[in-house]
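**Student:** Sequence:
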Amino acid sequence: MKIWKSVVGKLWLTILLLVSFVLFILTILLLEFFESYHVTQIKQELETTANKIAHIVEEHPNDNEGIQMALEIVDKPTQVIIAYNKRNVFYSSSRRDKNITPEKILNDSQLSKVFRGAKTVNKEVEPPNDKSRNRYDNTLVVGVPLQVENGDNGAIFIYQSLNVLKDTTQQTTKIILLSAGIAIILTTFFAFFLSTRIAAPLRRMRLAAFEVAKGKFDTKVPILTHDEIGELATAFNQMGRQLENNMNDLQQEKEQLTSILSSMADGVLTFDRDGTILITNPPGEKFLQQWLNDPNQNLNLSAPEEILDLLQKVIDTEKEQTDELKILGHSYVVIVSPLYNQRDVRGAVAVLRDMTEERKLDKLRDDFIANVSHELRTPIAMLQGYSEAIIDDIAATDEEKKEFAKIIYDETLRIGRLVNELLDLARMEAGHISLYSEETEIKPFIERVTNKFQGLARDQNVQLSYDFTSDEYPPIDLDPDRIEQVLTNLIDNAIRHTQQHGTVKVIVDSKNNGIIVHVEDNGSGIPEEDLPFVFERFYKADKARTRGKSGTGLGLAIAKNIVDAHNGHISVKSKIGQGTTFSFFLPYSS
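Numbering follows the working numbering, with no gaps: position 13 of the sequence shown is 13.
Each statement offered as a hint is correct.
Below, simulated BS3-like cross-link-like pairs (lysine-lysine); rule was C-alpha separation at most 25 angstroms, straight line:
1) Lys-505 with Lys-575
2) Lys-286 with Lys-363
3) Lys-119 with Lys-52
4) Lys-52 with Lys-76
5) Lys-286 with Lys-326
6) Lys-326 with Lys-363
7) Lys-43 with Lys-166
8) Lys-505 with Lys-452
Restraint ranges, calculated between C-beta atoms of paired labels, are given here:
9) Pro-527 with Pro-480: 32 to 38 angstroms
10) Pro-474 with Ile-380: 47 to 53 angstroms
11) Tyr-588 with Glu-529: 33 to 39 angstroms
12) Phe-189 with Glu-231: 25 to 31 angstroms
13) Leu-194 with Arg-273: 50 to 56 angstroms
14) Pro-532 with Asn-248: 49 to 55 angstroms
Since the hints were derived computationally from the structure, they do not count as laboratory data.
For each residue, glycine too, the CB sits at the ideal point set by N, CA and C.
Between the sequences and the hints, there should be enough to build the whole structure, so can you do that?
**Tutor:** Here is the structure:
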């Protein structure tokens with residue numbers, strides 16, 4: 001770092017300039033003062049000498065002895081002109097000064113006033129050469145009146161070159177310059193002394209400030225003095241501690257906010273006024289991925305148009321806005337609230353609650369009520385109708401009464417099966433299903449259950465068969481009654497939904513950790529849009545597939561719960577016109 005850019009350099013240069021300026025002004029004033037002082041002294045001395053000479057000459061008129069006595073009191077550089085009148089002039093030196101002559105003095109308008117009775121006259125006479133004009137080349141002339149015997153006015157003129165001031169001025173200048181040099185040296189030492197007292201602590205503070213800027217808030221500055229710099233160091237250390245505490249508090253709040261956002265089940269999106277996403281949490285990112293329909297898509301995009309519309313309404317009205325969005329089968333309730341700065345709305349925060357399950361449960365509840373009502377309406381109507389027929393003696397013969405009673409009995413059985421299935425399904429979904437597992441040989445089990453439906457298959461003109469992909473299967477732990485219930489439902493559905501001369505096949509495939517049972521048919525198939533819902537209770541696909549057969553729509557839901565209870569899973573594959581395959585996996589160790 002250059003010294004001119006440092007505090008020491010600036011302070012040293014400032015003091016140096018200040019001292020130099022003061023010395024410069026002082027030098028000019030002192031030189032002027034000394035020059036004026038010495039000129040005044042010379043004038044006084046010359047005037048005193050001139051008065052003495054005039055006194056001596058007046059006492060010895062026209063006497064060479066008087067002139068000789070007068071010249072003895074005059075110093076060598078001083079010249080004297082004794083003028084009894086302008087014609088009778090005595091010049092003290094045979095060597096004439098080139099800058100001044102008796103004629104010039106006698107004819108000078110100001111100096112000649114002495115002849116007219118003026119007491120004392122003085123004047124600086126300049127040399128004739130203007131190019132080398134210098135005050136030190138001037139000559140100071142002092143004239144005093146002289147009384148002569150004949151009554152004329154004479155004059156004594158004494159003059160001396162001011163060159164004698166030159167040496168004095170040079171000596172004074174040398175002393176001042178020496179003093180200036182000493183002052184500059186002392187200033188330099190003083191500046192570098194201040195460097196150790198001021199600049200050194202400031203440099204430590206600068207280094208400490210850089211460390212604090214890097215995040216090292218525990219950096220301390222040593223307190224070496226108790227003056228303002230020491231107080232500054234104390235304040236700096238307190239600032240570092242306060243910054244560290246504030247940063248720790250901010251970090252804790254940030255971590256707390258991050259934990260809260262991450263643990264929230266609702267999605268959170270924060271926007272600026274332009275709709276740019278600033279902050280998200282995992283559910284919010286999941287919402288964006290569903291909206292983009294690409295889990296690997298970069299999320300640094302603006303929000304969906306629907307949310308941007310709500311954001312604009314929030315900015316315009318500065319009020320909270322609420323709406324419900326449906327994206328790829330998911331239902332979201334969106335609450336957009338404004339975020340303020342000191343003046344206006346700077347953005348908004350959107351809370352997205354996934355209401356898919358709630359809407360699904362609402363639909364299931366509505367469907368459950370509708371389906372139960374629909375399933376119970378027909379048998380109850382038949383019970384009511386045939387009971388009234390018996391009461392009103394519409395059945396005339398015993399055979400008709402027995403036939404009506406048989407119909408009433410069948411419908412009560414139908415109602416009983418529906419109620420029992422509802423109860424079983426409710427217990428299963430509540431986790432109260434009871435399994436009575438035992439080691440079961442899978443091949444004879446599959447053969448026995450499949451053969452139960454050979455009669456129904458022949459009646460429907462459908463070929464029913466089974467196949468095993470392996471010769472030997474280890475015994476498997478399962479509840480035979482429950483798995484038979486699953487197979488019964490799947491085979492019965494396959495036969496009922498397969499056209500005449502169709503085929504239904506039960507295939508058992510062996511895996512390392514269990515078995516997979518496939519129930520295949522080449523029937524009408526299930527529409528693709530219905531596949532995700534086939535295991536829901538009361539769900540029925542296109543009624544054309546039922547061919548008028550009755551059913552509660554609970555069988556597949558019960559089958560799924562039974563398989564899940566065995567720690568297995570069930571799935572379906574189907575294409576319209578090509579058939580359907582239901583598959584369920586059972587592990588060896590459940």
